[in-house]
Amino acid sequence: MSQKLHDNERIKIESNFLRGKLVEGINNNTTGSFLPDEVQLVKFHGLYQQDHRDFRAERKQQKLEPLYSFLLRARLPGGVVTPEQWLEIDRIAEELTDAGSIRITTRQTFQYHGIFKRNLKSVFQELKFKANIDSIFTAGDVNRNTICTSNPEQSELHTEVYELSKKISEHFLPKSNAYAEIWLDGEKVLDTEEEEPIYHNIFLPRKFKIAVVLPPYNDVDIHANDLNFIAIIEDDKITGYNVVVGAGLGMTHGDKTTFPRLGDDFGFITVDKVMEVAEAVVTTQRDLGGRVSRSHARTKYTLETHGIETFKKEVEKRAGITFAAPGAYEFTERGDRIGWVKGIDNKWHLTVFIENGRILDFDGKPLKSGLVKIAKVHQGTFRMTANQNLVIASVPESEKDNIEKLARECGLIDDGTSDQRIDSMACVSLPTCPLAMAEAERYLPSLTDDVEGLLAKHGIAKDHIILRITGCPNGCGRAMLAEVGLVGKAPGRYNLHLGGNRIGTRIPKMYAENIDEATIVSTLDELIGRWATERNQDEDFGDFVIRAGIISEVVVAARDFYA
Amino acid sequence: MALNNLSALTSPLSESQLAQLQQATAGLDAVQTAWVSGYLAGVSQGPVTAAAPTQSAGQSLTILVGSQTGNAKGVAQELAEQATAKGIPNQLISMADYKVKAIKDESHVIVVASTNGEGEAPDDAIDLHAFLASKKAPKLAGLKFAVLSLGDSSYEFFCQTGKDFEQRLQALGGEIITERLDADVDYQEVTQAWFDKALTAVEATLEKAGTSTTAAVATGTIVTENKYNKQNPFSASLLTSQKITGDRSAKDVRHIEIDLEGSDLHYTAGDALGVWFKNNQNMVDELIDKLGLDATKEVTVGDNKIALKEALIEEYELTGTHPGFIEGYAALTENKALQKLAEDKNACRDFANNNQVVDVVTATGNDKVTEENFVALLRRSSPRLYSIASSQTEVEDEVHLTVGAVVFENEAGQQRGGSASTFLSHRLQEGEEVKVFIEDNHNFRLPANPDTPVIMVGPGTGIAPFRAFMQEREASEATGKNWLLFGDQTFNEDFLYQVEWQTHLKSGLLTKLDLAFSRDQAEKIYVQDRLQENAAEVFKWLQDGAHFYVCGDANRMAKDVQTTLIDIISKQGKLSLEDAEEYLTELRQAKRYQRDVY
Chain U
54 MSQKLHDNER IKIESNFLRG KLVEGINNNT TGSFLPDEVQ LVKFHGLYQQ
104 DHRDFRAERK QQKLEPLYSF LLRARLPGGV VTPEQWLEID RIAEELTDAG
154 SIRITTRQTF QYHGIFKRNL KSVFQELKFK ANIDSIFTAG DVNRNTICTS
204 NPEQSELHTE VYELSKKISE HFLPKSNAYA EIWLDGEKVL DTEEEEPIYH
254 NIFLPRKFKI AVVLPPYNDV DIHANDLNFI AIIEDDKITG YNVVVGAGLG
304 MTHGDKTTFP RLGDDFGFIT VDKVMEVAEA VVTTQRDLGG RVSRSHARTK
354 YTLETHGIET FKKEVEKRAG ITFAAPGAYE FTERGDRIGW VKGIDNKWHL
404 TVFIENGRIL DFDGKPLKSG LVKIAKVHQG TFRMTANQNL VIASVPESEK
454 DNIEKLAREC GLIDDGTSDQ RIDSMACVSL PTCPLAMAEA ERYLPSLTDD
504 VEGLLAKHGI AKDHIILRIT GCPNGCGRAM LAEVGLVGKA PGRYNLHLGG
554 NRIGTRIPKM YAENIDEATI VSTLDELIGR WATERNQDED FGDFVIRAGI
604 ISEVVVAARD FYA
Chain X
2 MALNNLSALT SPLSESQLAQ LQQATAGLDA VQTAWVSGYL AGVSQGPVTA
52 AAPTQSAGQS LTILVGSQTG NAKGVAQELA EQATAKGIPN QLISMADYKV
102 KAIKDESHVI VVASTNGEGE APDDAIDLHA FLASKKAPKL AGLKFAVLSL
152 GDSSYEFFCQ TGKDFEQRLQ ALGGEIITER LDADVDYQEV TQAWFDKALT
202 AVEATLEKAG TSTTAAVATG TIVTENKYNK QNPFSASLLT SQKITGDRSA
252 KDVRHIEIDL EGSDLHYTAG DALGVWFKNN QNMVDELIDK LGLDATKEVT
302 VGDNKIALKE ALIEEYELTG THPGFIEGYA ALTENKALQK LAEDKNACRD
352 FANNNQVVDV VTATGNDKVT EENFVALLRR SSPRLYSIAS SQTEVEDEVH
402 LTVGAVVFEN EAGQQRGGSA STFLSHRLQE GEEVKVFIED NHNFRLPANP
452 DTPVIMVGPG TGIAPFRAFM QEREASEATG KNWLLFGDQT FNEDFLYQVE
502 WQTHLKSGLL TKLDLAFSRD QAEKIYVQDR LQENAAEVFK WLQDGAHFYV
552 CGDANRMAKD VQTTLIDIIS KQGKLSLEDA EEYLTELRQA KRYQRDVY
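Protein sequence lines correspond, in order, to chains U and X. Heads up: the first sequence begins at 54 in my numbering, then just goes up one per residue. Heads up: the second sequence begins at 2 in my numbering, then just goes up one per residue.
Source of the hints: derived by calculation from the structure; they are not laboratory data. Just so it is clear, the structure is predicted and the values come from calculations on it, not from any experiment. Among the hints, erroneous ones may be present.
[Claimed, not checked] As a list, the in silico DMTMM-like pairs of lysine to aspartate or glutamate whose alpha-carbon atoms are at most 25 Å apart:
#  : chain 1 : residue 1 : chain 2 : residue 2
1  : X       : Lys140    : X       : Glu157
2  : U       : Lys183    : X       : Glu524
3  : X       : Lys369    : X       : Glu318
4  : X       : Lys244    : U       : Glu111
5  : U       : Lys113    : X       : Glu587
6  : X       : Lys513    : U       : Glu137
7  : X       : Lys164    : X       : Glu316
8  : U       : Lys116    : X       : Asp295
9  : X       : Lys525    : U       : Glu118
10 : X       : Lys541    : X       : Glu582
11 : U       : Lys515    : U       : Glu505
12 : U       : Lys174    : X       : Asp290
13 : X       : Lys231    : X       : Glu316
14 : U       : Lys116    : X       : Glu501
15 : U       : Lys174    : X       : Glu524
16 : U       : Lys116    : X       : Glu395
17 : U       : Lys113    : X       : Asp345
18 : X       : Lys572    : X       : Asp521
19 : X       : Lys513    : U       : Asp107
20 : X       : Lys337    : X       : Asp290
21 : X       : Lys244    : X       : Glu395
22 : U       : Lys418    : U       : Glu216
23 : X       : Lys252    : U       : Glu148
24 : X       : Lys279    : X       : Asp295
25 : X       : Lys244    : U       : Asp107
26 : X       : Lys164    : X       : Glu190
27 : X       : Lys525    : U       : Asp151
28 : X       : Lys525    : U       : Glu147
29 : X       : Lys369    : X       : Glu344
30 : U       : Lys181    : X       : Asp521
31 : X       : Lys525    : U       : Glu148
32 : X       : Lys244    : U       : Glu505
33 : U       : Lys116    : X       : Asp515
34 : U       : Lys74     : X       : Glu344
[Stated by the list, open to error] From the structure, some residues in chain X lie toward chain U, with a derived Cβ separation under 7 Å:
#  : residue
35 : Gly303
36 : Asn305
37 : Tyr317
38 : Val407
39 : Val500
Where is the CB? At the ideal position from N, CA and C, for every residue including glycine.
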């Protein structure tokens, strides 16, 4: 290979294990931004440099630099926090971020938006020292926040997958002390030859996502992850895991060599081999993954380039195992079960729907202060879900009424929320995400209103469709696993994809390109109308559009997605 | 011919010249008389190159001017021209350029001095002002002097500096030859009468040398070469008015670009632009409406008759209320509450400071008010001066300003604003005309030596002249180091010209940039705190010959910066506070400590 490596490879190697000139950058108070190399490096520390895009043009006129701020994504494997941690998370959002919100993400953690550079160190230190939370490796070319199924009913099984996700997360943390040195005023560890046994000094070619999955729920959306461990359950015990490798949803507009891809099931491993296999998959991707083009660097392309069998054999060799035939499992649903459920431990669990995952005091819905009231009395935990919702978990019978009352008061429980709204999701996009091409989070509520209206118009108000918007083709909003997926193309313009299924195991195909909001609604009007009258018994929208020949099915993405 | 028999009728000399000639030759012996006759013969045949006889033989008038914004300088210049026209030998000199000890050699002095906000002397005048009050001050018996002081009666210490000069010169033995004039903002209406009186008094007492009827007018650096001036401003057009504070700023600061094409006006970095403004038409309508007057009725303005509305928009001061207006309006309307207020000078001044004319007339009955008697209560408007934010080497026919639009709510919640700042920022549309002139400021200049380092302290709109300085230094490829200290409320929204400073930092033109944003953290941080943090470096720069400039708020910032600077000099230089002050005084005298504060 004589092709030139992507410049990010140089940045990583030259960074002295992710230090770069970050300290100088923090101390330079004449700009709210970092230098270009450091903009890449901060990602490994859990930050994205962004600017308020609503003000970009205006500030140029005003002879001001863009209004830079940072997104910080916490590392929270499995998404579990205590009420004490919640109160600190809430306070930090209030005191040190411009958005003032806590945003639950599809990565089962939370993000702060709008941290100005001068406040970064305070946020890092408050999070670490008051809430014992860090943001190491929640972005960048490393293993990101490890997620697991939120299954409150089966508390023992949930504990097992949650503990595994924590163990995986910690296993893939860096050995370097850079994070503490730079952000926590930790001591500089001199005289030690630093090395990263898993990452070396080149880290991974691209982001890497791991999920631990407890069927029959696919709330983690396995086909968004590079590596999934799917629990195989016999007699209420986890006997081992199926290893699904090479899924991913990102693509690039206009580049047909990029596409969303489902993962391949390598087979079954026993519980004791999980860490070996995880490390083997990660290091194989480290060594085989492409480093020339970042849009072709994720594990899914490594599988396509080198062949699934080659990759699998390499993993077996490195892990010292042989994959057994896949264990049997079934997914029945993907969404969260909103409302109360009683666990096998006799504790109650309340899952509340958070539109867009955004926790803030809205008019008539003071979600943020409501959660503070709950955190002050709650004895269990809070669990963030990969669908951007929140579980108020492990509530004793005696406290159930009180929690319900508090949740109703602030609008966390709203009986008027339709199933359609619960099945709708969007990434952040404008105004802060630098990649955004079109609105997503700010567009979702009104689009959901429209779809609710269409369902009612066609007499099927109680039905619902998995509806997702993502502001760019990178796919944080996971629109490529929706029944109706919108991918931002330009302001007010989207590609409309149809034909995903309810459980998230089929990729939707593009039905209309670059259409405006009115066209989206009129198109859906016609299709929902047909679905209402022509569908079979219990036929979901995504299945219907394929059977009716409205869109063709994507079976093998590399072959079918653009066909 | 015996000198004794000479008379004005038979000689070309005036009475006073004759008297001087007689006096000068009275005690001469025959040899001396012969020498003088030979000397006079020589003089009559060629140009006089030796000024010595003039000085020894006659007295002259020294006009000392202490100016901050240039008004006093303008007045002094007019006075000097008229003195020259009357044949009074005179020299006009800025107090900043004056060797203070020379005061003991003066025979006739006219002081023209303005006063800063809280009664302090303007920067030009500080040294002389302090010298005359010090133990070193000489006896001045024989000095004949007069004082013209300029001020603004809406301030508590109206014309204080002029009063100080008069009191001190008198205490040192000087004789007042004309009663002091304390001129208010509309000084142009009263100065001429005073010039006549004062110059007559000077003429009557001045001993002139026979040969020297027109001594050179040493206006020195004060000479202005532009053909447009305050009385004869240039009609320029507004090119750009761009808000340069962010969307969420508490402030509305504008970058203003004005086209000077065709004017041949030139300015130097450090100069100010005088701007004649028009009052807000809506506010004038409201005022006329409240008073129940006729907008079209003509009133007398100077020698002209102008419709009331136009007069109020163009000719009168409506935003800076002066206590005299309240007094006069109270008397006219027999308004008890206002009359009571007018009796308490301090309360009246406060009220005037906080209420525009339109809000003073709000609560009062006004059936006695007429178009004519109302405008008679008002002061004529005067132009506002803005430090120029550009260098002509960079922008050529343009002039740039940095204007903070003053906008606030009155007690009734109505929006009010500063007259000139809102005129420039909000009312004047791009392409429209604005009358301007250049006001030289020779006391705010880059070092002549391009290698000399400079420290610039310019928080808020005080940044303006430093933008000009940097453009100038860039264009002239000056190699001296440049250190800027800027501050405002917030980094995100109020970092004026942020992108330009970043560019200058990157290119290396700007050596160091220190920022103080008061509202970005729990504790307030100001530019003086940044100076203090960099104390050792500040002192080192000064020791290396740096010039130190301050521009912006006079009342608080400039004082705090000066206190900090003295502290730094004292601690870093291991000097007593007194010696540190002396160090600063020497910097000022060497023109290395210059301020443009308001």
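Lys113 of chain U paired with Glu587 of chain X [C-alpha distance capped at 25 Å]: This hinted pair is violated, its Cα atoms lying about 43 Å apart.
Given the hinted pair Lys244 of chain X and Asp107 of chain U, is their Cα-Cα distance within 25 Å? Satisfied, since the Cα-Cα distance of roughly 17 Å is no more than 25 Å.
Measure nothing beyond the straight line between the CA atoms of Lys244 of chain X and Glu395 of chain X; if it is 25 Å or shorter, mark the hint as holding. Holds, at roughly 21 Å.
Is it true that the CA of Lys116 of chain U sits at most 25 Å from the CA of Glu501 of chain X? holds (7 Å)
Going straight from one Cα to the other, do Lys244 of chain X and Glu505 of chain U come out at no more than 25 Å? violated (44 Å)
Would the hint on Val500 of chain X be counted as holding, given a Cβ-Cβ threshold of 7 Å to chain U? holds (5 Å)
Distance restraint between Lys572 of chain X and Asp521 of chain X, which requires alpha-carbon spacing of 25 Å or less: violated (29 Å)
Hint consistency between Lys174 of chain U and Asp290 of chain X [alpha-carbon to alpha-carbon, up to 25 Å]: Violated, at about 58 Å.
Does the structure keep Lys369 of chain X and Glu344 of chain X at a Cα separation of 25 Å or less? holds (21 Å)
Would the hint on Tyr317 of chain X be counted as holding, given a Cβ-Cβ threshold of 7 Å to chain U? violated (34 Å)
With chain U as the partner, please determine if Val407 of chain X meets the hint condition of a C-beta pair closer than 7 Å. violated (19 Å)
For Lys183 of chain U and Glu524 of chain X, compute the direct alpha-carbon distance and say whether it is at most 25 Å. Status holds; Cα separation ~22 Å.
Taken one by one, the earlier hints fail for this structure at numbers 1, 5, 6, 7, 8, 12, 17, 18, 19, 22, 32, 34, 35, 36, 37 and 38, listed in ascending order.
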